[in-house]
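Chemist: Residues per chain are reported as follows:
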Amino acid sequence: MQSRWHKRQEVVLYGPETRPAPFLWSEELRTGHDAIDRQHQDLYASFRGVSQLLEVPEVNVKYWFGMVMRNTEEYVLTHFADEEQLMAERHYPDHHLHKGLHVEIVATLHKHQAVIKQLTTAAEQIAEARSLLDFLNDWLNTHVMVDDKNFVEFMNRESVHRPSAV
Amino acid sequence: MPEINLYRSNTRQTLFVWREGLHIGHEPIDRQHQDIYEALLGVSLLLKMPDVNVGYWLGMVSRKVEEYVQTHFQEEERLMAVVGYPDLLAHRRTHQHFVETFQQHKDRIARLTTAEEKLAEAHGLMDLLNGWFDTEVLLHDRDLVDFINNRKT
Numbered sequence: 001m002q003s004r005w006h007k008r009q010e011v012v013l014y015g016p017e018t019r020p021a022p023f024l025w026s027e028e029l030r031t032g033h034d035a036i037d038r039q040h041q042d043l044y045a046s047f048r049g050v051s052q053l054l055e056v057p058e059v060n061v062k063y064w065f066g067m068v069m070r071n072t073e074e075y076v077l078t079h080f081a082d083e084e085q086l087m088a089e090r091h092y093p094d095h096h097l098h099k100g101l102h103v104e105i106v107a108t109l110h111k112h113q114a115v116i117k118q119l120t121t122a123a124e125q126i127a128e129a130r131s132l133l134d135f136l137n138d139w140l141n142t143h144v145m146v147d148d149k150n151f152v153e154f155m156n157r158e159s160v161h162r163p164s165a166v
Numbered sequence: 167m168p169e170i171n172l173y174r175s176n177t178r179q180t181l182f183v184w185r186e187g188l189h190i191g192h193e194p195i196d197r198q199h200q201d202i203y204e205a206l207l208g209v210s211l212l213l214k215m216p217d218v219n220v221g222y223w224l225g226m227v228s229r230k231v232e233e234y235v236q237t238h239f240q241e242e243e244r245l246m247a248v249v250g251y252p253d254l255l256a257h258r259r260t261h262q263h264f265v266e267t268f269q270q271h272k273d274r275i276a277r278l279t280t281a282e283e284k285l286a287e288a289h290g291l292m293d294l295l296n297g298w299f300d301t302e303v304l305l306h307d308r309d310l311v312d313f314i315n316n317r318k319t
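Protein chains in written order, with my numbering: chain C, 1 to 166; chain F, 167 to 319.
Everything labelled a hint here was simulated from the structure, so no lab data went into it.
Only true hints are included.
No more than 30 angstroms apart at the CA atoms, straight line, and that leaves these computed lysine-lysine pairs for DSSO-like:
no., chain 1, residue 1, chain 2, residue 2
1, C, Lys149, C, Lys99
2, F, Lys230, C, Lys117
3, F, Lys214, F, Lys230
4, C, Lys111, C, Lys99
5, F, Lys230, C, Lys62
6, C, Lys117, C, Lys62
7, F, Lys272, F, Lys284
8, F, Lys230, C, Lys111
9, F, Lys272, C, Lys62
10, C, Lys111, C, Lys149
11, F, Lys214, F, Lys284
12, F, Lys214, C, Lys62
13, C, Lys99, C, Lys117
14, F, Lys272, F, Lys214
15, F, Lys230, F, Lys284
Since the structure is predicted, the reported quantities are computational estimates derived from the model, not experimental observations.
So that you can see chain F by itself, here it is in the shape it has in the complex (with noise of 0.2 angstroms):
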């Protein structure tokens, strides 16, 4: 499995714009991750509009976080047992990384008393996750999505 970090995201791009090279060619992962980009996206933009509600925004961050957590990952992980896919622990282990960190996130974000701080942090943490998701889509998803194919054949 590749080891790239793709962590940090370029901030001055408009962060988890859907393009033809995330598609992995399995379509209900495709689906899965064009909607978690198309309400990430739109929550990005509303941050950076005057008198955004950053609580309210953020709450819908995690919900969607949450819920792409509990049926993305845990479907890609029997499908990763189910074809015998070699990196599945290292895949899952990222996985896990990425809940553990997007709670400190959370956590950090929830003890800021100010609405300014909220925003920043918010900011900080959309960056994260649109650098995130394209590491894990690009690299990990495509890696197995292959493993998949090169089986087929």
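If we strip away everything but chain C, and leave its shape as in the complex, we get (with noise of 0.2 angstroms):
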């Protein structure tokens, strides 16, 4: 059969028309994994933070996105650690791919904020942070409403047949 990882690329979540907000979390997002939703939740409401305060003069956009780029960082350390621990223990087929994924987006932050420490500009760094942030609103909302929502339909299709698993 299969895997369902081979049908992600061809996923469009949005039409430019119904796009929303960036970072703006809403009930589809939710995987039904209370654990795996609440981390969701903090990631989004702290990147849809630093995407509104780039549009504020009085703010300081390098301590500000230094700061969620931080923030990020420590999520990278507890959620996908915490995710990856949960695909193991649970067996996932797509465990590796979806680490995979992870590893590559880890990638992507840390050469994004080598480029962005490099700039000087204030407005080099908002043109480089918005860009950054649109690429991860997109990554995102595929990762959570793709990936990890495939992986808690695994987990509630395994509790099936294992009622006493968590």
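Combine the two chains into a complex, taking the hints into account.
Modeler: Written out as structure tokens, the structure is:
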């Protein structure tokens, strides 16, 4: 049977007219796994905050962007690790593919951070930060709505056969 | 030490705006003040925006303030002891009072159940913090730095 994973690349979540505000949490992002959903909500709140603050002239963009990136690192260490541990415990067949996506996004974030660090003017930093946040918004929506939901659905299906599992 | 109480600030203004008058001329203290003002300015602006996740940003305020208490207050109190600052005990009491008041507000917010109630209380907390930081920096910390500078001359 073909893995659900292979259909991932074909998914188009939104047309331009239905695209929600950046990093706005909505019920359709809920996977149904409380711990994962709570961590997702925090990440959305953090990125939404920084994307809103980029538009406010009084705010020090470098400070806020740096802070959100540090939060993201923290998130990567906890959320990705929690999720990957859960996948290993449940013998999720797409575990390594899902983990590969995590590795890939971390590398992308590091690359963008290095670019932003080298920029000297606020205007350049804001432009680069906007571009990274646009990319992250699309990546995160797809990841949560497709990849993470696939994993939670897998856990739910498995739980039917293993009622004692948490 | 001046006894002026500036606890309540003007809520119509943007809170935590850093301005030159807040520089007290002691580089490490100024840096720590600027850092906390930047963080609290951002959160106070976000709390006025639609669909804000109040719980998340209050959590961030709590972490930043607790980190500030752990580092800034302790460093300042150590500095006061080293230079023989005569108002050390009074200044330390303002720190302790701040820690207690902040905790009371956090506890009150934790007991609230709706996002609307939490948001209203969060605005009150940011207003209180703004007044407290302005008072602390403009009066108490400046008094300490003036004492250090006069001692050198």
